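Visitor: Here is how the chains run, residue by residue.
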Amino acid sequence: MELTLWTYEGPPHVGAMRIAASMKDIHYVLHAPQGDTYADLLFTMIERRGERPPVTYTTFQARDLGGDTAELVKKNIKEAVDRFRPKTLLVGESCTAELIQDQPGALAKGMGFDMPIVNLELPAYSKKENWGASETFYQLTRTLLKEKVSSSEKISPLRWKELGRRPKVNILGPSLLGFRCRDDVIEIQRILSEQGIDTNVVAPLGASPEDIERLIDAEVNICLYQEIAEASCEWLRRNFGMEYTNTIPIGIKNTIEFINEVHNKLDLPLTNKQELEHKSKLPWYSKSVDSNYLTGKRVFIFGDGTHAIAAAKIAKEELGFEVVGLGTYSREMARQLRATAKDLNLEALITNNYLEVEDAMKKAAPELVLGTQMERHSAKRLGIPCSVISTPMHVQDVPARYSPQMGWEGANVIFDDWVHPLMMGLEEHLIDMFKHDFEFVDGHQSHLGHTATNTKDFLKSDEKKEKNSKEGIIWTESGRAELTKVPFFVRGKVKTNTEKYAIMRGIPEISDETLYDAKAYFS
Amino acid sequence: MSKVEFNKETGPREVFCGLTSIVWLHRRMPDAFFLVVGSRTCAHLIQSAAGVMIFAEPRFGTAILEEKDLAGLADAHEELDRVVNDLIARRPEIKTLFLVGSCPSEVIKLDLATVAEKLNKRFLGQVKFVNYSGSGIETTFTQGEDGALKALIPLMESSNEEKLLLVGTLANNVEDRFKKIFRNLGISNIESFPPRQSTELPKIGKNTKVLLTQPYLSDTVRDLKHRGCEIISAPFPLGIEGSTKWFLAAAKAFNISELKVHEIISPLIKRSKLALESHKEILKGKRLFLLPESQLEISLARFLHNECEMDLIEVGTPYLNKDLMKEEINLLPDNTRIVEGQHVEKQLDRVRESNPDLVVCGMGLANPLEAEGISTKWSIEMVFSPIHGIDQAADLAGLFSKPLRRNQILTSKTLVTH
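If you're matching them up, the sequences are chains A and B in order.
Okay, so the first sequence: first residue is 1143 according to this note's numbering, each after it adds one.
Okay, so the second sequence: first residue is 236 according to this note's numbering, each after it adds one.
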């Protein structure tokens, strides 16, 4: 049993709903009690969808449990098929139905329908949303393509040459309630088509069962979100020999690497290599003198695996930040994220507990947080600017404007989204210069509007704690005065370090000199 | 009873479960914690309905059952014990802890009553434990509050003191207004249930006169009756008419003359009618379809028809207690079509066929209906907004006139090009 106040991921059947709702001509019969219908609002309110997710909930009640719930399942399946006439039917159960073991998938298969039926078994007590989405997409792909496995030859990535046409790829992984998927798909298709590569199918977003059946018309699969598509890509590789890409095109370097990878796989010459460097404004904006102040900014990163790993690379290599924390809630991608963290000399944080993330954030004393909506709230409490880079989705993460994360435009969006919350370079310089002028009110720093940076409150609230602390360390007048002169964004760190130093050296009172001693010691 | 048409419908439903009521209950009693014993789905449901992220640490959470908890009940009880211990250590300010049953905990027959009993002994004098079920196999949305209140009744001491007990969660400002009016009427001893602090439970007994503020408290009412309380029969205080009759019923129970009531509330009625006018102008003659969710539907239909002159196409309700709703049903126009239960697909067919001007529905259905060109009002807003009482009648009407007014604004040309 795990105490959870908030969770980054929903249950696995919500992942299945994401696949069903992303696609056309599919219906999902979910054996579940009435309360589970809340999941519809994720799509209709957060994504502002103008249609209901294609889901029929059996909504069994306590009084049904004594009777025949299997009959209820069959009745709902029949009604759903008659009403919605899906081309493929998904059948599964949520956490409660899993316990009563009606085997709805098997029941559906015995009802004599001629459409393909996918029996979804998603263990609700051990797995989570992304796993459920991945498994559903995989089972669906497998069901619709398994009959073609034996009859077809291995697909060579060079087949397009023999066929005398442009190369074709599938873009796999984008789904509803995925971070900026809607726009990433447009951006990636645009990039591929510029390179002379056609998109065969985008799935699951916007795909029909027929589209899944013609996945094998392409030469290569683009695995755009590993959390959702890797299992399917791997199955297509094993059974049809289709190769798939590993590079996630977020950031300039990875976008270029992605284009290279696709070209290599297809054996397509890359003719516009030089041009690629100038497709996005990010490299120049980052090089512009105004961006000097970004150097070494301390950034804390937490999100889904795909976006957190990509963010670390951009932060370090494209914006010149210092990554001081890296973590993910995607256990499935823990290994990969750990490797990236190791390259950065960090210990990866793998957790589903947002309070642990907040603690780690506090300890890392970052100047910028890149996280989920939850980290945005934690950062707000700590007075640290934040930009949202990952699911779970919030209505704010579905902007009206075109706003991808991937490709050239994605890099532009990322530059703006990450840098704007930080103070503009010049503005920060001015504040630093003038902060001791009497006109300048501390805690009134430009557009950031932090609540936690008000020095008086900051010191006052901590003063109380100090008196109660078992170490009994006291900040003298001069020590406190010096602390107010430290820029607000490192003040917390300086304070902690000075106290640590004082404890270490057995100094009972912290004066201005102690502060400088500590500064020298830690630098 | 007026000649309304009662129908029952079964089939797939589209409603919240009782866990959702934690969203307003925890705000009402800031010294209580609601611990759902359930699955990740339960946790996800509450956070999706409640906008949990604004809290540093919310006063509700879920003890998520894992595979090993399902293997043996004994272990599950032990695990729950551990989770509760951790929680109490972390949140020493908690005075009452509600163990809330869910669909999975009910199905595996986790005995929360026994767990609560054991914990009560261990934490005697520090934290009180009560349990109830908010599961979706037994409760719909507001019924969760019914369960929570019923669970508190055994903790209420007995007293034969005469008092007026307002039962059902109200917005604090509305509660204050009501108490002021009752005091002006000459009723001095007034208490509320649930109270603002979970530890300040009212004492009850044979001289307790219960006045319900919400229509969804069937089980609570039954247990209060068992404790000897007198239930004042009245419509619910939504709109001017409902509130007036509600005040009159209370006054009668305390032998206060009707004249006195009118004397005190007629200035309120006068100004409220004035405030209602602009909304009535928009709502008048418009056709309304209410889908089942909050159990407030019948009272809302009565208000929107009688005071705002809307036409009622269908009034859905997840559950109907004819006895508790008798005063409300009497006020409905003849031939009102009431449908208890739901077959969401068939009901949506009827929505489309009847082409209503406004549909009251849950959040999962609102945007899809809007996309079909049908204006909607989400029902969850009714349980979060102060809508009770004479002074709030115009605000209540405003919840329904706003989507229609907005539609009007967005579809009309009001500025000429110069």
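In short, the hints are calculated from the structure, not lab data.
Careful, some of the hints might be misleading.
[To be verified] Derived BS3-like pairs (lysine-lysine); straight-line CA-CA distance at most 30 Å:
{"hint": "1", "chain 1": "B", "residue 1": "K344", "chain 2": "A", "residue 2": "K1216"}
{"hint": "2", "chain 1": "A", "residue 1": "K1217", "chain 2": "B", "residue 2": "K415"}
{"hint": "3", "chain 1": "B", "residue 1": "K581", "chain 2": "A", "residue 2": "K1166"}
{"hint": "4", "chain 1": "B", "residue 1": "K441", "chain 2": "A", "residue 2": "K1166"}
{"hint": "5", "chain 1": "A", "residue 1": "K1229", "chain 2": "B", "residue 2": "K581"}
{"hint": "6", "chain 1": "B", "residue 1": "K330", "chain 2": "B", "residue 2": "K414"}
{"hint": "7", "chain 1": "A", "residue 1": "K1290", "chain 2": "A", "residue 2": "K1303"}
{"hint": "8", "chain 1": "A", "residue 1": "K1216", "chain 2": "B", "residue 2": "K612"}
{"hint": "9", "chain 1": "A", "residue 1": "K1220", "chain 2": "B", "residue 2": "K460"}
{"hint": "10", "chain 1": "B", "residue 1": "K243", "chain 2": "A", "residue 2": "K1217"}
{"hint": "11", "chain 1": "B", "residue 1": "K521", "chain 2": "B", "residue 2": "K495"}
[Claimed, not checked] Here are some, though not all, of the chain A residues that point toward chain B, as calculated from beta-carbon distances under 7 Å:
{"hint": "12", "residue": "M1143"}
{"hint": "13", "residue": "L1147"}
{"hint": "14", "residue": "T1285"}
{"hint": "15", "residue": "L1287"}
{"hint": "16", "residue": "S1428"}
Predicted model, so just to flag it, every value in this text is computed and none were measured.
Every residue, glycine too, gets a C-beta built ideally from N, C-alpha and C.
Visitor: So, for every hint listed, does it hold in this structure?
Guide: Each hint, compared with the structure:
1. B:K344 to A:K1216: Holds. K344 of chain B to K1216 of chain A sits at ~26 Å (cutoff 30 Å).
2. A:K1217 to B:K415: violated, 54 Å
3. B:K581 to A:K1166: holds, 22 Å
4. B:K441 to A:K1166: Measuring from Cα to Cα gives roughly 62 Å; hence the hint is violated.
5. A:K1229 to B:K581: holds, 22 Å
6. B:K330 to B:K414: holds, 26 Å
7. A:K1290 to A:K1303: holds, 23 Å
8. A:K1216 to B:K612: With Cα atoms ~33 Å apart, K1216 of chain A and K612 of chain B exceed 30 Å; violated.
9. A:K1220 to B:K460: violated, 45 Å
10. B:K243 to A:K1217: Given pair K243 of chain B, K1217 of chain A holds - Cα atoms ~18 Å apart, limit 30 Å.
11. B:K521 to B:K495: violated, 36 Å
12. M1143: holds, 4 Å
13. L1147: holds, 4 Å
14. T1285: Hint violated; T1285 of chain A Cβ to chain B Cβ min 25 Å, cut 7 Å.
15. L1287: This interface hint is violated because 31 Å lies over the 7 Å limit.
16. S1428: This hint is violated: S1428 of chain A lies away from chain B, its Cβ roughly 31 Å from the closest one there, beyond 7 Å.
Of the numbered hints stated above, those contradicted by the structure are hints 2, 4, 8, 9, 11, 14, 15 and 16, listed in ascending order.
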